[in-house]
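Peer 1: Sequence:
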Amino acid sequence: MPRYVYQNLETGEQYEFEQGFHDPAYTHHPETGAPIKRLIFAPAVVFKGSGWYIKDSKAGSNGKSESGNKEAGSAAAD
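To convert, note that position 71 of the sequence shown is 71 in the UniProt record's numbering; the numbers rise steadily by one, no gaps.
Bear in mind the hints are in silico, worked out from the structure with no lab data behind them. Even glycine gets a Cβ: it sits at the ideal position worked out from N, Cα and C. It cannot be assumed that every hint is accurate.
[What the hints assert, rightly or not] Think about it this way: if two alpha-carbon atoms lie no more than 25 Å apart in a straight line, the pair counts; the simulated SDA-like pairs of lysine to any residue are:
#1 Lys-37 with Ser-50
#2 Lys-48 with His-22
#3 Lys-37 with Phe-21
#4 Lys-37 with Arg-3
#5 Lys-37 with Glu-13
#6 Lys-48 with Pro-2
#7 Lys-37 with Asp-23
#8 Lys-37 with Asn-8
#9 Lys-37 with Tyr-15
#10 Lys-37 with Pro-24
#11 Lys-37 with Thr-27
#12 Lys-37 with Gln-19
#13 Lys-48 with Ala-25
#14 Lys-48 with Gln-19
#15 Lys-37 with Gly-12
#16 Lys-37 with Lys-48
#17 Lys-37 with Phe-17
#18 Lys-37 with Glu-10
#19 Lys-37 with Leu-9
#20 Lys-48 with Tyr-26
#21 Lys-48 with Glu-13
#22 Lys-37 with Tyr-4
#23 Lys-48 with Thr-27
#24 Lys-37 with Glu-18
#25 Lys-37 with Gln-14
#26 Lys-37 with Val-5
#27 Lys-37 with Ala-25
[Said to hold, decoys possible] Restraint ranges, calculated between C-beta atoms of paired labels, are given here:
#28 Pro-43 with Gln-14: 17 to 23 Å
#29 Ala-25 with Phe-47: 23 to 29 Å
#30 Phe-47 with Phe-21: 16 to 22 Å
#31 Gln-14 with Lys-48: 24 to 30 Å
#32 Gly-12 with Val-46: 26 to 32 Å
#33 Val-45 with Gly-20: 33 to 39 Å
Sequences are here, hints too, so could you generate the full structure?
Peer 2: Put into C-alpha cells, the structure is as follows:
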C-alpha cells in the first residue's frame, strides 16, 4: 500500500500514512482532528533517455542486434 506524507497546517509537523490509491486524501488528522494537507513529491524512479525500442535489445550471437538482422533481410527482399 502506498505511503503519503501529510503536513499539519497549524504546526508544520509532517506525518506519513498508508492509504490505497483510490482513497480520498485526508483533510484532518485521523487521531487529533488537526487540519492537514497531502504533500506532493517527485517520483522516486525517473526514466531518462530516448526510450526502449526493439533496436535497443541485446546483441545477437554475431555481434549485431537482432533488429539489424531483420532490417537487412527485409531490405534484400525488396
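Peer 1: So, for every hint listed, does it hold in this structure?
Peer 2: Taking the hints in turn, this is what the structure says about them:
1. Restraint check for Lys-37 and Ser-50: the C-alpha separation of about 36 Å exceeds 25 Å, so the hint is violated.
2. Distance restraint check for Lys-48 and His-22: the Cα-Cα separation of roughly 28 Å exceeds the 25 Å cut-off, and the hinted pair is therefore not satisfied.
3. Restraint check: the Cα-Cα separation between Lys-37 and Phe-21 comes to about 16 Å, which is no more than 25 Å; the hinted pair holds.
4. Our distance criterion of 25 Å between C-alpha atoms is met by Lys-37 and Arg-3, whose separation comes to about 14 Å.
5. Distance check on the hinted pair: Lys-37 and Glu-13 sit about 11 Å apart at the alpha-carbon level, within 25 Å; holds.
6. With a CA separation close to 24 Å, the supplied pair Lys-48 and Pro-2 stays within the 25 Å bound.
7. Restraint check for Lys-37 and Asp-23: the C-alpha separation of about 14 Å stays at or below 25 Å, so the hint holds.
8. Restraint check: the Cα-Cα separation between Lys-37 and Asn-8 comes to about 7 Å, which is no more than 25 Å; the hinted pair holds.
9. Straight-line distance between C-alpha atoms of Lys-37 and Tyr-15 comes to about 10 Å, which keeps the hinted pair within the 25 Å bound.
10. Taking the CA atoms of Lys-37 and Pro-24, the gap is about 12 Å. The hint holds against a cut of 25 Å.
11. Only pairs whose Cα atoms come within 25 Å are accepted, and Lys-37 paired with Thr-27 is accepted, the gap being roughly 6 Å.
12. Our distance criterion of 25 Å between C-alpha atoms is met by Lys-37 and Gln-19, whose separation comes to about 14 Å.
13. Under the criterion of a C-alpha separation no larger than 25 Å, the hint pairing Lys-48 with Ala-25 is inconsistent with the structure, at around 30 Å.
14. Among the hinted pairs, Lys-48 with Gln-19 is inconsistent with the structure: their alpha-carbon atoms are about 29 Å apart, more than 25 Å.
15. For the hint pairing Lys-37 with Gly-12, the CA-to-CA distance comes to about 10 Å; that is within 25 Å, so the pair holds.
16. Only pairs whose Cα atoms come within 25 Å are accepted, and Lys-37 paired with Lys-48 is rejected, the gap being roughly 30 Å.
17. Between Lys-37 and Phe-17 the CA atoms are separated by roughly 12 Å; this keeps the pair inside 25 Å, and the hint holds.
18. Of the supplied pair hints, the one linking Lys-37 and Glu-10 holds, its CA atoms being roughly 11 Å apart against a limit of 25 Å.
19. Under the criterion of a C-alpha separation no larger than 25 Å, the hint pairing Lys-37 with Leu-9 is consistent with the structure, at around 7 Å.
20. Distance restraint check for Lys-48 and Tyr-26: the Cα-Cα separation of roughly 33 Å exceeds the 25 Å cut-off, and the hinted pair is therefore not satisfied.
21. The hinted pair formed by Lys-48 and Glu-13 fails the criterion: a straight-line CA distance of about 34 Å is larger than 25 Å.
22. For a cut-off of 25 Å, the pair hint linking Lys-37 to Tyr-4 stands: about 10 Å separates their Cα positions.
23. For the hint linking Lys-48 to Thr-27, the alpha-carbon distance of about 35 Å lies beyond 25 Å, and the restraint is violated.
24. Between Lys-37 and Glu-18 the CA atoms are separated by roughly 14 Å; this keeps the pair inside 25 Å, and the hint holds.
25. Proposed proximity of Lys-37 and Gln-14 is supported: the alpha carbons are some 10 Å apart, at most 25 Å.
26. The straight-line distance between the Cα atoms of Lys-37 and Val-5 is roughly 9 Å, inside the 25 Å bound, and the hint therefore holds.
27. For the suggested pair Lys-37 and Ala-25, the alpha carbons sit about 8 Å apart, so the restraint of at most 25 Å is met.
28. Against the hinted window of 17 to 23 Å, the Cβ-Cβ separation of Pro-43 and Gln-14 comes to about 19 Å, which satisfies the hint.
29. The hint said 23 to 29 Å for the Cβ distance between Ala-25 and Phe-47, and at roughly 26 Å that hint holds.
30. Checking the proposed 16 to 22 Å range against Phe-47 and Phe-21 shows it holds: the Cβ atoms sit about 20 Å from each other.
31. At roughly 29 Å, the beta-carbon separation of Gln-14 and Lys-48 lies within the given 24 to 30 Å, and the hint holds.
32. Range check, Gly-12 to Val-46: Cβ separation about 28 Å, and the 26 to 32 Å hint holds.
33. The hinted range of 33 to 39 Å is not satisfied by Val-45 and Gly-20, whose Cβ atoms lie roughly 20 Å apart.
Taken one by one, the earlier hints fail for this structure at numbers 1, 2, 13, 14, 16, 20, 21, 23 and 33, listed in ascending order.
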